[in-house]
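*Asks:* Each chain is listed here by its residues.
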Amino acid sequence: MTRETADAPYPPAPSTGRALARAAAMEWTKLSSVRSTWWCLGLGLFGMAAFALLMGYSAADRIAEDPAVASGFSYSQLTSQGVFYLVQFVVLTLAALAATNEYADRGVTSTLLAVPRRGLVLAARTAVTAGFAFAAGVAATTLGIGVLWLLIGAHAPLDTEYAARTVLGAGVCMALFAVVFVGIGTAVRGTAGTIGVGFLLLLGLPLVLQLSQVQWLNDLAAVMPGFAGVEFYASGDVGFYTAPHDGAVNLFVVLGWAAAAQLSAYAELRARDA
Amino acid sequence: MRELTKRYGGTTAVDGLTFDVRPGAVTGFLGPNGAGKSTTMRLLLGLDRPTSGEALVGGRRYADLPWPNREIGALIDASAVHPGRRARAHLLALARGSGIPRGRVAEVLDAVGLSDVADRRVGGFSLGMRQRLGIAAALLGDPGVLVFDEPVNGLDLDGVRWVRGLFRGLADEGRTVFVSSHLMSEMQLVADRLVVVGGGRLVADAPVPELISAWSRTHVVVRTPDPDLLAERLRRGAGTDRPVTVEPGDGGLLVYGATPEEVGDAAHAAGARVHALHREEASLEQAYLELTGADVRYAAGSPRTPAASGRRPRFGRRRTERKEHR
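Chains as they are written, first to last, in UniProt numbering: chain A, 1 to 274; chain B, 1 to 326.
If we strip away everything but chain A, and leave its shape as in the complex, we get (with noise of 0.2 Å):
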């Protein structure tokens, strides 16, 4: 095709960090403008609030009975427990949706006709639906924490540094699922898939890996992320067997999953056609 028509002159190409900003806006303005993100995180904090309901309630009733089991309550544990059951599952719905929902309605084209260098979509919508899993997880937890200490603050105190670690962790723990869970969409292009592939990741495979009764495989569980990622945010104190490590160890394991979840979305991207 040849232009021949004189236009206005259009401003110098944009750098990739001003490309890579506005494809960002593009992102949330995108993920915020649809109900299954708000319904997403509705359902979340309201699962959270009601699992800590639960636990609070029952853990105030064995104080009434035996006040000494007061001194073995964990704030951590029991929140790290409604994190692992419920809000990480939210946050692979909410992941999925962002990746995959523009195949479903091939609303791709648009976006890349707007945004044709497609690391840069992908690396926008990561990074959007991350600090929104960041933000999801940081206000589950701590509404978990709190609806906790409001059932039974009287009987156990609040270490509130220790608590700002697990919301800390649970929140930057979302974010690196979101991480993981937007590069499998990504490579995989299909909703119910991604998943599926995320259930069986965070919870179906470590699960069967503990049943087989074999040592290795039951040591492999604790490099699935799910497992890894709530030995980092309940700070090792998870309340359930995971794994013999403890640390730092979880976090880059974690990390591990994020980089080669996004490495074969980039691959997929940049060779399939839209």
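In case anyone wonders, no lab produced these hints; they're calculated from the structure.
Note that the Cβ used here is the ideal one computed from N, Cα and C, for glycine as well.
Incorrect hints may appear among the rest.
Covered stretches of chain B, as calculated for chain A (at least 3 residues, CB under 8 Å) [as the list claims (entries may be wrong)]: (1) 29-37; (2) 57-67; (3) 127-133; (4) 222-233.
Simulated coverage check for chain A against chain B, where a stretch passes if three residues somewhere in it have a Cβ under 8 Å from a Cβ of chain B [to be verified]: (5) 28-40; (6) 97-107; (7) 112-123.
Keeping the supplied structure of chain A fixed, place chain B upon it in accordance with the hints.
*Replies:* Chain B only, in chain A's frame:
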């Protein structure tokens, strides 16, 4: 487009297309369903990767344009919008992504007549409204090149007339307008130039009037009880230098390349009785059928395109038969 080719497995969707689309005119991109129109447009816009060849906008690949949406606006798939998103948010997201001031959103919504429903969810839109929204998205960056894939699908008569006026106006402003359609009649009304494809290959690339005169094969219908006599005479020459071809018609002959006067004179000279004699003007639609029909026939017999011949011969034969009946 330069030698543009796209294969999907064993299927060749676009096969060595080469043509230019010029500014200041509406160029129609015409072909039957499955001719490779949408694929060509997607290749041009960098959505799909060509197997070989290239499609450039102003000499550059789409992905290399610094401000893509300001240089080329496109409507590829009108229903490709999240049904839960409001029309305004959809356009706002695109404006933000391409660095277009957000004020343009209200302008283009107004331009396509969707201002009143801008805050409704797209899921409730009719196909016509979605087409308008897609056109609004294409206009967002005020681009010099516009690409529309089947833009009149789903539009009511008012909408179709509005689109025609819009395209005319955009071309008159010096923009390049490239519109695909499988509807010949629509193209005849809106396009200045036609690029015709069939089976992924270029069939014609010419201004509309030239295409009509070159390909429409306007012919003379003559009813006669003595067709053999007349045909024999005509084949020997109807008193012109032009080549004359004769085909059997309904109760007589179809004569190509001669005027009614010449056919009448030939009949007189041959002693053939003539019951009726008239010229039949072929519309562009007929030209189109003949063009793509010819291409399909070629594809059916061509060993170079196994995919096309495997998929299409039945259509080709049927189309050819229909033409002979006419």
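*Asks:* Now tell me if each hint is right for this structure.
*Replies:* Structure-based check of all given hints:
no., hint, result
1, 29-37, "violated (count 0)"
2, 57-67, "holds (count 8)"
3, 127-133, "violated (count 0)"
4, 222-233, "violated (count 0)"
5, 28-40, "holds (count 6)"
6, 97-107, "holds (count 5)"
7, 112-123, "holds (count 6)"
Hints 1, 3, 4, counting from the list given before, are not met by this structure.
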